[in-house]
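Taken in sequence, the protein lines are chains E, D and Z.
Quick note on the numbering used here: the first sequence kicks off at 651 and runs consecutively.
Quick note on the numbering used here: the second sequence kicks off at 5 and runs consecutively.
Quick note on the numbering used here: the third sequence kicks off at 9 and runs consecutively.
Because the hints were derived from the structure by calculation, they are not lab data.
Keep in mind it's a predicted model, so treat the numbers as computed, not measured.
No false leads were slipped in.
Coverage of chain Z stretches by chain D, computed from C-beta distances (three or more under 8 Å per stretch; other residues unrestricted):
#	region
1	48-62
2	75-89
3	94-105
4	271-283
5	303-317
Every residue gets a Cβ at the ideal spot worked out from N, C-alpha and C, and that includes glycine.
Each chain, letter by letter, is given below.
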Amino acid sequence: MKPSSLGDVFDRQARAAFVLPSVLIILAFSIFPLLVSAYLSLVRFQIAPGGYTLHFVGWSNYRKLLFGSEQFHFLGTFGEVGALEWTLIGAAALWLLAAFVRYLRGGAWSLAGLAGRLLATAGLLAVAVLCAYTTGGAGRLGSFTVTLFYVTAGVAAQFLIGLGLAYLCTLPVRGRWFFRMVFFLPLMVTPVGIAYMFRMIADTTVGPLAPVWNAVGLRQISWAADPWLARIVVVIGDTWQWVPFMFIVLLAALESQPRDQIEAAQLDGAGGWRIFRDITWPSIAPVAASVVLIRLIEAFKIVDLPNVLTNGGPGIATESMTLHSFIAWRTLDLGGSAAVAYMLFFASTICCVSFFHFVVRAARRAQGA
Amino acid sequence: MKPLRRLLAARRLDELAPAQKFVVYAPLLAWTAIVLFPLYWVIVTSLKEPIDVADGPYYIPFVDFRPSLHAWKYIFFDLGRDTLRPYLNSVIVSSAATLVAVLIGAMAAYGLARMEYRPSVGSVLLFVAAIALAALMSFWGGVDWRLALLAGLAIFAIALRMLGRRFRRRLANHDILFWVISQRILPPVVTAIPIYLMFKELGLLDTHSALIITYATVNLPIVVWLMYDFFCAVPRELEESAQIDGASRLRIFFDVALALVRPGLVATSLLVLILCWNEYLLALFLSTVEAQTMPLLVAAQNATRGPQWWYMSVLIIIMILPVIALTLLLQRFITKGLLVGAIKG
Amino acid sequence: MKTDILQRALVAAAAAALSLCAAPSSAKEFDGVTVNVMTFTGPQIAEPLQRRAPDFEKLTGAKINVITVPFSDLYQKLLTDWAAGTNSVDAAVFAPQWMVDYVTGGYLEELTARVAKDRALKEDDVAPFFRDFSQKYSGKTYLIALDGDFHMVYYRTDVLKKLGRKPPQTWDEYLEIAKAAHNKDWNGDGKPDFGSCISKKRNAQAYWWITSISAAYIQSQGTAQGAFFDPRDLKPLTNNEAFATALRFYKDSTQYGPPNEINLDVGDTRKLFISGQCALTLDWGDIGTLAIDPTESKVKDKVGAVILPGATRVLDRDTGKLVGCDRKRCPYAVHGINHAPFAAYGGWSGGINAHANPKVKDAAYAFFSYMSQPAQSNVDVTLGKTGFNPYRISQFKDMSVWTRAGMSVEAAKNYLGAIEASLNSPNMVLDLRIPQNQRYQQVVLDTALARFLAGELDVAQTMQTIESGWNELSNELGKDKQLAAYRASIGAK
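Just chain E, with the same shape it has in the complex:
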């Protein structure tokens, strides 16, 4: 067999040839937008004769978000913090400190590792304090904390429901294909469409659930007027939309788990829970960690649901960071919009990098071992 000369050329450069197209395309598409938007976040955009001007204002867009007139919007309104919250924060700090000490005494520390851990710890603590301040007393969440709520509540709910359904679908139930097909459906609906669909369903006067809502005596109450109810409705919509993604990937992972090991364990008389803990979970952990990471990244960008369901109301209770940025952008505050987006970029990067290092890689290592 004589390989073609083109194949030869390719073979010699195979390593680069496989990866470079992707890397170059992604680079080309990321560097320029990153630079432009970083620059935009430091300027004030104004329309001027002959087009527009970009007036350099330094950190003022960020300062406004963190300390100035937009603080309530981004971080939230601060209330008083009770003893309980302080105890919780203290406990969290101690736990993080312990993890830190363990890492240092483990011996294998590096400068980058240390810096990363410091950043992650500081970030986590700051978020904890912020949550305590914005939920306590007269405190109100801002778009930053609301986004964190969507991310944690949404991804957790989606993962648990997705895993549970995937597990049930691996059992020899009747109509498995039907269930698989049906559970996959929500992913196919365009997100804008889902948002409008939920607005219809969640309407308490003419929506399909209105009779139920009225029957339990809530006629005079609207979820849209209550901050937490409104946020929960957003999370429900998000969960409806994204469970299928978790479901399908976890189902694939569950189906490829080592059957011989399970059968052996069953012969040994191991219980269902032990099989799940000792065999199933470790075998799906890397995939589980990967999908959660992908969902984390996407969840930070949530915008359609709050935008269509409540437009961020009541007040600013359901406004996510992307929506915050989007509204600023729609009203020509391009600098402020880019600053919010960059804050989102930082928060989401710190969160996702930490997750990747401490969970995804840990899970992969555990499997490799």
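Based on these hints, arrange chains D and Z on the given structure of chain E.
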């Protein structure tokens, strides 16, 4: 604990007691209802007159309201060409983008799963700096972008020659992998304007190519990330024996590796296809008339008169139908692939 | 049989070819010119443009290509296209409030000379407010009005009759009626209905109502007095007794509305009203024509309209207190009540891209002029499916077009009377038209109102937040520039 154990150990559910069957079927059926009800509501709404929506809720056509096809008529006949054009655009753009993304992305994932990459940190930074310089030159300096890109690459090549040997720290595969997925972090709100400017410079605004390139790029990370896991999961032996037979890398990739991960490949393609099919914000920026896609049409049904639920419902339905058909078609494919994988593995 | 069909087809084709050749090939003014006109998707504005484009092409040879994008993105889409220099859009139909940004950037063609020369446009017939304010910026004309937009109060004539009340003349009366009508079944479906439906959704089209309410207390000396800022020094008129009264009304009216009023956009309140679930509502002109549409309406001929309610006490700008109306303070008051109808948004109008090809610009102007001429416009404003509302004097003088469209004479008189009263008012309020007005209204004002309704802020805090937010913006964008722009927009002397 014992009944639960029996439940989890059971090979066939027929053996189970009714109570245990209930534990399994109740959640499945409940979630089925949760998934299907909103879709049912969309179908019903597409058959309602505006007044039946505003005055509702009405649940069952013919029983508590008189169905009407006015919304379907409006979308298919009154709008007619204005529905067909975005529909075809969506088909063209999302299938082409999926093809490109899956092909390039699977190659990268294969490379990362099978070979070792150790680029030095310094050269990567150098490259980024060179490209950034080129971007600066063309964006603020007013240099033609092709010229700027060439200059940037030249600077990179020269600098690498000079400094290349001093770079010690190296990256590993998992760093590259993470960098790839991290490219999805930046929210589209910020990237939309720069991407718009890029395509304006290239003269590609409102064309299929602009959308195809953009969608392929933004979905590449997902392809790489998912396919990497799939490649890692299949054994290397077959590829190695093919290599001994003297097959080229490319041939091994296409004939052996891709065949082995076919179920994963199909699932990933489907996911990417759906993501492209449903994308809104970038489409809004990059298309004006000729390349407008379906999600824009859906969003557009909310204007000064409030959401036109009936039209929106019709559009949502005609947007899901082809995806369902495709999934049904591929479902068999995925199963077959999974079975093959199970036998081999 | 088959050959027969074939023969006939051939004959027909030949005849068609002949007639094409024989058609008078007299060159029309804009042969071969294509104009890309952008507006938002949906029948409201695009439908009349598309419907009349073929006729226009037959007349002039210019091909009109109507491009549509989602309503919520129209402003950005136009701005991006023009600011980035893509210029794929030659002309657009948009809300005149955006004009200031487009004019400042030099994207819009000035039309003063063209309008002056254009006899067929019958500019004298256009209501003075649109002629003198809405189409103009700094005294120059940039837009051709195609639609009249201002707020009115709509009421159910049957409900008011049963309650024995007259249409509300003041905001206090409005609340009284809402209270009396609330929680009673008015449309016979067994469910209690609502006294007042006002759209209060955030980030929607709701933030204008507060101006409709507060303006009655704030502006009494005519359009040039301004209802947003003091034209002397750009001091926001949002932290005083007048605005506080409006805020209290805003919150009180919520008690007589649907429980989810805070999440209703104007489209939702429209549907509630025409399906008979509300006794009172605030809206633009749209309800008048929607209420006679049998596929949507349950309240045909049960709808009345009235000019925005007024106030008997108005703001003293020096003290920030409310004082009683007298002839000097409220020169335009009717029976001692000061009305300040608010032209929110301003009415969809056509503007032309300054960087378009000159021939294309001429064709675009000709098209907008054609659309606005009474022969076309006076029909379009009576159609429920279009979003066009009356803006020409002849449109409310001639009753026949309305009765032909399905209105009873009485309803038409009532509806047109409210429009005429609003349009003729010299105390009409012009919407905020200073650079980046969206940030003042859609961000600062709208967010503060939403937080106020959600109970996050009280009246004083809300006023404080709006005032400091507006001041911060003015300082950021250049106070002198903003003041000059404000004075130019309202024609302050």
